[in-house]
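Chemist: Spelled out from the first residue to the last, the chains are:
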Amino acid sequence: MNTGIPIQYFLILATIMFFTGVYGFLTRRNLITILMSVELILNSVNINFLAFNRYLYPNKLEGMFFSLFVIAVAAAEAAVAIAIIINIYRRFTTINVEDVNEMKF
Amino acid sequence: MASNQIMFILFAAMIIVFSVLTVTSRKILRAAVYLLFVLVSTSGLYFMLNYQFLAAVQITIYAGGIVVLIIFSILLTSHISQKFEFSGWKKNVFSAIAAITGAILSIITILDYKFPATTEAAKEVDMRLIGKSLLSVDYDGYVLPFEVISVLLLAAMVAAIVVAKKSGPAKTQSPTLNQE
Numbered sequence: 001m002n003t004g005i006p007i008q009y010f011l012i013l014a015t016i017m018f019f020t021g022v023y024g025f026l027t028r029r030n031l032i033t034i035l036m037s038v039e040l041i042l043n044s045v046n047i048n049f050l051a052f053n054r055y056l057y058p059n060k061l062e063g064m065f066f067s068l069f070v071i072a073v074a075a076a077e078a079a080v081a082i083a084i085i086i087n088i089y090r091r092f093t094t095i096n097v098e099d100v101n102e103m104k105f
Numbered sequence: 106m107a108s109n110q111i112m113f114i115l116f117a118a119m120i121i122v123f124s125v126l127t128v129t130s131r132k133i134l135r136a137a138v139y140l141l142f143v144l145v146s147t148s149g150l151y152f153m154l155n156y157q158f159l160a161a162v163q164i165t166i167y168a169g170g171i172v173v174l175i176i177f178s179i180l181l182t183s184h185i186s187q188k189f190e191f192s193g194w195k196k197n198v199f200s201a202i203a204a205i206t207g208a209i210l211s212i213i214t215i216l217d218y219k220f221p222a223t224t225e226a227a228k229e230v231d232m233r234l235i236g237k238s239l240l241s242v243d244y245d246g247y248v249l250p251f252e253v254i255s256v257l258l259l260a261a262m263v264a265a266i267v268v269a270k271k272s273g274p275a276k277t278q279s280p281t282l283n284q285e
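Just so you know, the sequences run in chain order A and B.
One point on numbering: in this note's numbering, the residue at position 52 of the first sequence is 52, and numbering is uninterrupted.
One point on numbering: in this note's numbering, the residue at position 1 of the second sequence is 106, and numbering is uninterrupted.
Restricting the straight-line Cα-Cα distance to at most 27 Å, the calculated cross-link-like pairs of lysine-lysine (DSS-like) are: (1) B:LYS132 <-> B:LYS195; (2) A:LYS60 <-> B:LYS237; (3) A:LYS60 <-> B:LYS228.
Ranges of calculated distance between the beta carbons of each label pair, as one might list FRET restraints: (4) B:VAL253 <-> A:GLY4: 36 to 44 Å; (5) B:MET232 <-> A:ASN59: 16 to 24 Å; (6) A:PRO6 <-> B:LYS228: 16 to 24 Å; (7) B:ASP245 <-> A:PHE92: 46 to 54 Å.
Partial chain A-side listing against chain B, Cβ under 8 Å, derived: (8) THR33; (9) SER67; (10) VAL80.
In case anyone wonders, no lab produced these hints; they're calculated from the structure.
Using N, Cα and C, we set each Cβ at its ideal position, and we do this for glycine too.
The whole structure should be built from the sequences, with the hints applied where relevant.
Modeler: Shown next, in the form of structure tokens:
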């Protein structure tokens, strides 16, 4: 199955993916691309959970169910975030975070 | 080199390349499609780890749901041909320094740590076991987070509809809300 692939490879891959997401989160200015960076971060965390579960505790299921719930939370988060983004676009006609600087209207 | 190692290298390369392209692409629709590639490669990794159910969930929810939602909202809010302007050297350089420093620190820690080898037999993760665990109240049961997540999903769907719908005539508080 996964012979010959140490757990460190999975963790390093997830680390690189996580910090790519962090970089995107810091540099992007469009709300949708920020949301996409957050999705990258959540995915890398899921890879971590599954690698730990498979390599260190193969007779348990905690990691699998945790990543299942993370996926559900990510879906809910994407739905609410996109609703908010569409509302912001309707109000400001832009979704650039630097132009959206007014909360009270 | 065994075939599973080749597959892992392929998936890892796809994930790294396409996630970097996702956060650096100047065209937003292309960034969404690169994100789709990343998510599909991640589900390939789940297949390699022998979690077939989770790989299927990943494909259906992420690739089939979230990416489609993101592409819809991109088409609603921006022009396809629109390119982002460059966000400034200072911001890029400092963000890259922060990200690379964090990545190097984490990788050093991972390589330093001695993971204990397990001798336990691997549990076969089939659908029957997943369904029983999700609805069981025993020690290995997950019925409480299952119920919590279902209530959360319901609340999120209601909230999404309420936030995104146009405010109708019933809302007399600020009639000029959407007319700008």
